[in-house]
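Number of protein chains: 2
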Amino acid sequence: MKIDIEIAQAAEVWPIERIAQAAGLQESEWEPYGRDKAKVSLAKERSQTERGKLILVTSINPTTAGEGKSTVAVGLADAIQATGKKTMLALREPSMGPVLGMKGGATGGGYAQVLPMADINLHFTGDFHAITSAQNSLAALIDNSIYQGNPLHLDPRRLLWPRVMDVNDRTLRHMVLGLGGPTSGVPHEGQFDITAASELMAILTLARDLEDMKARIKRIVVGYTYDKEPVTVAELGVGGAIATLLKDAIKPNLVQTINHTPTLIHGGPFANIAQGTNSVQATEAALRLADYVVTEAGFGADLGGEKFLDVKAPILGKTPDTIVIVATVRALKLHGGVAEKQLDQPDLPALERGLANLGQHIKSMQRYGVPLVVAINHFTSDTAEEIEAIKAYASAKGVPAVPADVWAAGGAGAKALAAEVVAATKRPGRFVPLYQPDDDLTTKLTKIVRDIYGGQGIELSTKAKRQLKTFKQYGWDQLPVIVAKTQYSLSDQPKALGAPTDFTIHVREFVPKLGAGFMVALTGSIMTMPGLPKVPAAKQIDIDNQGHISGLF
Amino acid sequence: MKIDIEIAQAAEVWPIERIAQAAGLQESEWEPYGRDKAKVSLAKERSQTERGKLILVTSINPTTAGEGKSTVAVGLADAIQATGKKTMLALREPSMGPVLGMKGGATGGGYAQVLPMADINLHFTGDFHAITSAQNSLAALIDNSIYQGNPLHLDPRRLLWPRVMDVNDRTLRHMVLGLGGPTSGVPHEGQFDITAASELMAILTLARDLEDMKARIKRIVVGYTYDKEPVTVAELGVGGAIATLLKDAIKPNLVQTINHTPTLIHGGPFANIAQGTNSVQATEAALRLADYVVTEAGFGADLGGEKFLDVKAPILGKTPDTIVIVATVRALKLHGGVAEKQLDQPDLPALERGLANLGQHIKSMQRYGVPLVVAINHFTSDTAEEIEAIKAYASAKGVPAVPADVWAAGGAGAKALAAEVVAATKRPGRFVPLYQPDDDLTTKLTKIVRDIYGGQGIELSTKAKRQLKTFKQYGWDQLPVIVAKTQYSLSDQPKALGAPTDFTIHVREFVPKLGAGFMVALTGSIMTMPGLPKVPAAKQIDIDNQGHISGLF
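Protein sequence lines correspond, in order, to chains L and V. The first sequence begins at 1 in full-length UniProt numbering and counts up one residue at a time. The second sequence begins at 1 in full-length UniProt numbering and counts up one residue at a time.
In case anyone wonders, no lab produced these hints; they're calculated from the structure. A couple of the hints might just be wrong.
To be verified - Derived, one-sided and incomplete: chain L residues facing chain V with beta-carbon distance under 8 Å:
1) E29
2) S184
3) G240
4) D344
5) T504
As the list claims (entries may be wrong) - Computed cross-link-like contacts, DSSO-like style, restricted to lysine-lysine with a CA-CA straight-line distance of at most 27 Å:
6) V:K495 / L:K247
7) V:K363 / V:K228
8) L:K2 / V:K247
9) V:K218 / L:K534
10) V:K247 / L:K247
11) V:K534 / L:K228
12) V:K247 / V:K318
13) L:K534 / V:K318
14) L:K397 / L:K86
15) L:K539 / V:K218
16) V:K2 / L:K247
17) L:K363 / L:K391
18) L:K218 / L:K495
19) L:K363 / L:K397
20) V:K391 / V:K363
21) L:K218 / V:K539
22) L:K218 / V:K391
Here the structure is a predicted model, which is why all the values come from computation and not from measurement. Heads up, the beta-carbon is just placed ideally off N, CA and C, and yes, glycines get one too.
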């Protein structure tokens, strides 16, 4: 059997001009990056045209078994496109750090892939690198201000601006920097996060345009004074320079699927520490260009799904016309308590226990009033009985569940799913927001925990309570909330699989992200800089003298 | 008067297709990056074609007055091109860090500029960022190997692989990282250099092709075992992955001058810690495509010039047909002892004292047997008498000196210089290498100090002496030498201007760069990570809602 990169390398890639034309772009609206990638900037007049239908692909709580959410999104879009409807994908950019670590890329798999696979998973068009250098340039400018007389009275013990790098490197999690004597800065503690966790990534993906991005950058709070007053980028006077470094990164990237469906891949914020969705600009561009737009959000419906609906949708000014929840027999069995090594064995009782996880996500997404479809991503070990059990379970909740075999068959494996999804977009929906903009942080959090996670409520640490008081003074107490939580469980305990109910979410600390425009609530132990495994994928990756890459999954 | 970025923004930029065609590239030999940049990979058959004439532009010891070496190189190429000869430039890529600090870019100035100016000075085609992430990925893989049981017995106190970032950030010069407990790595001291100082940058710019680059990467020594045995990337088993990350960065970038002369800009290694020249691949490509190729090397003839001739030329398999030494009246007056504020005042005696600096560079370059021309880069404050004094001085040493007014007039201001340079390329030269490949490190260093710097010899620190003994055991004692020395003086004392003679170069320490294939000799205090000034340029840089950039000089 061929592996992903071999399938990708054997696929026919159309010149990007042809994809740009198929997407309906004018010559002045795109710029090539190589022969198979482009940057897109829509003409102003496009904002007057009608928008297509929006399909959000999300999933049950992810497991180590893999749900294949991106793969389903790609296969679904290819299947809709194959029916002659003008279709586009709007996906996130993969982070390069993990590619050298333990997983493959984030460009789908098998015959439901986005091309050029290796480029997209490595440097792509440089967006992540631009964000990395903008974030680190700002860090250098902050430390330089402290070093050069500290006119803003910044307290080096209370900085809020980590440096970032698109590398899995646990050694960079905690450090003391500025050592080496008086000419090498002011010593202080510091940390690097992975680039996907950076506030600039969140800003770039939420910004409506360059103007909005620059305004958001100026609102970033980089730290506090010795008197605990917040200090912004506007006060540092370098917002224009940082925005300048992101002038190209803010433009969506155009590529194609194996079946040549035009695909915008843009922005890749983490779905735990940030909103986990592709950019507002790219989704908006796709909606103006296509009749059907398939997008996805990171991790499960409780993380990326909720954040799409509560944080991104209000900025986009559009909510999904249909939500697709991806589930697999294997992952549901894991949620039902089966050991990973036994997943290939049929086990109906375990599957039925695990269905509670799907049930909670159906319930939480139904709450928003958007038509739902469950996609059962097919694996060869699935039995007909198991598939039927999922269908019956979803059906009892009023939701159609449709198997799709996209890895092996691409769009052709998602015909039935596509038909169901297109039909669902035509059903009337009426969006019911989870919370009101002027709800306070505690109210917003409580609604998320009760209505989305199925838990009891929240418990704030002493520190978090103290922060809430201060934030009220600063006028930050009504921001949208981003819960930074494990993706593996509906609760904040990674091992609580299935659908726990009797749990409370413990908020350890809040992290204000004034530029992104949200408040992060840290629960449990959240990793913002991953590490490498014992045998990193880098040991398998190679390139021959002709430039042919191997070992990228 | 317009400033550089205004001139650049007002200039007509031809589509990159037109430049690629003018350069004689086949469609299959280039890929667009935006509408005005491209990556170039020459077809194999090109290596059978004849090579053009190579013109190396270097300078006297740089001063704060600015010599305009890149500006002269651009103007000279435009002037040769204007005579109908097929001409190309082969230049270094600017580092982005300093752009936010105190200086403008490195794309020439006035009407002798390379376009698109802002892009080239910021992220360009991502080469620096690819090198940054490759260097830091390797650092993460090294630390991960130590963390995961340390099978190679690497001593964390004896690592030779700094992390890098293309930012001026003194806070990153010295740190203790790996803090935070057992799951966050092994604590050790560390440092970040600016990306231009990285060994991967040196490797990429010296590699003949992808195969050579990968072989060099595998030879990198990343540190020592507890038994002080060197450990290579080959032993870590990740050379293929690191080479994969540089698959596009190794391709030269095509752009154009204001006068549309095709220009390859590729690689930007520092000229103190590394070889300071553009890439072998780009120079080779230009030589295969054009009849006249103008290239330059960093800082003065003692640093970039010497390194071009002794380190790059043997790999390129071609030595320059003419060397141009750039001098200015102002810089020579500074070398003659005039204070910076008085430079606009005529001062013939100071100029005549300062000419000794030019004299030493003429002498050292003449030693190689290559025809020389002195270019006098014109400033409005220059008097006719001062210009004549330079001409007379050079003429007495058998070297023509020709004024050029390239900032204000572009190629039209370098007609006479171009005529002199083209004539010089036709004069017979016979290259005499400075040292033999099998000379030992001490011999090589002594020859550089005596014949190039005009000094007495070298003095090794106790540490450097001890290192030489060890290196002999490892078989590293016959590598080419890169002297890391201040650019401001022929000696290792930045304030010793003019042409000091009674000096010794003090070698503090050697740094082996087995991948790059040279030994760095550190003299004096060499900065591998610059800092930002009190009022960084970032405060002036801005972008408006239409994407129009201001404040980049």
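- Pairwise hint evaluation, L:K534 against V:K218, where the allowed Cα distance is 27 Å at most: Within the cut-off at roughly 20 Å; holds.
- Query: Given the hinted pair V:K2 and L:K247, is their alpha-carbon gap at most 27 Å?
  - Reply: holds (24 Å)
- Keeping to a limit of 27 Å between CA atoms, is the pair of V:K391 and V:K363 held or broken? Since the Cα atoms of V:K391 and V:K363 sit roughly 16 Å apart, the hinted pair holds (cutoff 27 Å).
- Regarding the pair L:K397 and L:K86, is the alpha-carbon distance no greater than 27 Å? Roughly 31 Å separates the two Cα atoms, so the pair is violated.
- Message: With the threshold set at 27 Å, check whether the alpha-carbon distance from L:K363 to L:K391 stays at or below it.
- Response: holds (16 Å)
- Message: The hint names L:D344 as touching chain V; please verify it with the least Cβ-Cβ distance against 8 Å.
- Response: violated (29 Å)
- Item | Minimum beta-carbon distance criterion (8 Å), L:G240 to chain V | It holds, given that the least Cβ distance between L:G240 and chain V is near 3 Å, below 8 Å.
- Message: Given the hinted pair L:K218 and V:K391, is their Cα-Cα distance within 27 Å?
- Response: With a Cα-Cα distance of about 54 Å, the restraint between L:K218 and V:K391 is violated, given a limit of 27 Å.
- Agreement of L:K363 and L:K397 with the hint, judged by alpha carbon distance not exceeding 27 Å: At roughly 8 Å apart (the allowed maximum being 27 Å), L:K397 and L:K363 satisfy the hint.
- Would the hint on L:E29 stand, with a C-beta cut-off of 8 Å toward chain V? Constraint on L:E29 not satisfied, violated at 12 Å.
- Query: Under the criterion that the straight-line Cα-Cα distance not exceed 27 Å, is the pair L:K218, L:K495 satisfied?
  - Reply: Cα-Cα ~40 Å, so violated.
- Query: Does V:K318 lie within 27 Å of L:K534 when you go C-alpha to C-alpha?
  - Reply: Violated. L:K534 to V:K318 sits at ~46 Å, over the 27 Å cutoff.
In summary, the numbered hints that this structure violates are 1, 4, 5, 6, 7, 13, 14, 18 and 22.
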